[in-house]
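Protein chains: 2
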Amino acid sequence: MFTIKGTIWIESKKGAFLGSGRVLLLENIKKHGSITTAAKAMKMSYRQAWELVNSMNKQSKWPLVVTASGGAGGGGTVLTKEGEKAISTFRKLQEKFHAFNEKESNKLKL
Amino acid sequence: MFTIKGTIWIESKKGAFLGSGRVLLLENIKKHGSITTAAKAMKMSYRQAWELVNSMNKQSKWPLVVTASGGAGGGGTVLTKEGEKAISTFRKLQEKFHAFNEKESNKLKL
Numbered sequence: 003m004f005t006i007k008g009t010i011w012i013e014s015k016k017g018a019f020l021g022s023g024r025v026l027l028l029e030n031i032k033k034h035g036s037i038t039t040a041a042k043a044m045k046m047s048y049r050q051a052w053e054l055v056n057s058m059n060k061q062s063k064w065p066l067v068v069t070a071s072g073g074a075g076g077g078g079t080v081l082t083k084e085g086e087k088a089i090s091t092f093r094k095l096q097e098k099f100h101a102f103n104e105k106e107s108n109k110l111k112l
Numbered sequence: 003m004f005t006i007k008g009t010i011w012i013e014s015k016k017g018a019f020l021g022s023g024r025v026l027l028l029e030n031i032k033k034h035g036s037i038t039t040a041a042k043a044m045k046m047s048y049r050q051a052w053e054l055v056n057s058m059n060k061q062s063k064w065p066l067v068v069t070a071s072g073g074a075g076g077g078g079t080v081l082t083k084e085g086e087k088a089i090s091t092f093r094k095l096q097e098k099f100h101a102f103n104e105k106e107s108n109k110l111k112l
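Residue numbers (our numbering), protein chains in the order written: chain A, 3 to 112; chain B, 3 to 112.
The hints are simulated quantities; they were obtained by calculation from the structure and are not laboratory data. Be aware that a few hints might be false.
One copy or two, either will do: identical chains are not told apart, so a pair holds if it fits within one copy or between any two.
Result set (PhoX-like, lysine-lysine): computed pairs, CA atoms no more than 25 angstroms apart in a straight line [said to hold, decoys possible]:
#1 K15 to K109
#2 K42 to K7
#3 K33 to K94
#4 K94 to K7
#5 K94 to K16
#6 K7 to K109
#7 K32 to K87
#8 K109 to K87
#9 K105 to K33
#10 K32 to K105
#11 K109 to K33
These numbers come from a predicted model, not from an experiment.
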């Protein structure tokens, strides 16, 4: 019995834009409202997390993650509408890819 | 402008069965009639090539590569019908995967 597996990511002309790790980071930033806490949750250094966020922000027309300073809540790091869209686009794409793999796995004759 | 990229492979319960590297190796064995020459063409050690062939042969019901000894031609290493099928199955799967990526890339709204 054979199964098709794979991995998928989205590139711009500047290189990797969105993949599993980057999207999980966006989801963690959304959950925790902080790059530092998101990085810790993923056992990643703050520097690495910041570089991934910076890379995504620079490749997108609008930033995916912004840090608001001040205000009644004391600021914090939030996902923009673009950031939300990046997550949902990638997760939907992954679902389609998994469906493709499952369909093709069932057709394999090896 | 964003593009979807990815990589795909076929696994059995024992692990990796067919991927880009393994299929290229099968194609080179078919072309050269020799694991040694195929390995050299891919800048791979003989040992590594042999291990990949052994891994594929052990996972398949019938071996993909066999070494015939003796005979008028002095023997040599050839692909079996199963080996040919493995190549064509994987290459067709890759084509479908590339078509999937292209179609989904055109639909991306990021």
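Going through the hints against the structure:
Taking the shortest Cα distances, K15 and K109 sit within 25 angstroms of each other only across copies (17 angstroms), while inside one copy they are farther apart (35 angstroms). Taking CA atoms no more than 25 angstroms apart as the test, K42 paired with K7 passes in neither setting, with 29 angstroms inside one copy and 29 angstroms between copies. Proximity of K33 and K94 under a CA criterion of 25 angstroms is satisfied intra-copy only: 19 angstroms inside one chain copy versus 41 angstroms between copies. With identical chains, the CA atoms of K94 and K7 are at most 25 angstroms apart both within one copy (17 angstroms) and between copies (15 angstroms).
Only within a single protomer do K94 and K16 lie at most 25 angstroms apart by alpha-carbon distance; the minimum there is 23 angstroms, versus 30 angstroms between protomers. In this homomeric assembly, K7 and K109 come within 25 angstroms of each other (Cα to Cα) both inside a single copy, at 14 angstroms, and across copies, at 23 angstroms. For the homomeric pair K32 and K87, the shortest alpha-carbon distance inside one copy (12 angstroms) is at most 25 angstroms, but the shortest distance between copies (47 angstroms) is not. Taking CA atoms no more than 25 angstroms apart as the test, K109 paired with K87 passes between copies only; the shortest distance there is 14 angstroms, against 33 angstroms inside one copy.
Within a single copy, K105 and K33 get their C-alpha atoms no closer than 33 angstroms, and across copies no closer than 32 angstroms, so neither meets the 25 angstroms cut-off. For a Cα distance limit of 25 angstroms, the shortest separation of K32 from K105 qualifies neither inside one copy, at 33 angstroms, nor across copies, at 30 angstroms. For the identical chains of this complex, K109 and K33 are neighbours neither inside a copy (39 angstroms) nor across copies (28 angstroms), given an alpha-carbon limit of 25 angstroms.
Hint violations for this structure: numbers 2, 9, 10 and 11, all remaining hints satisfied.
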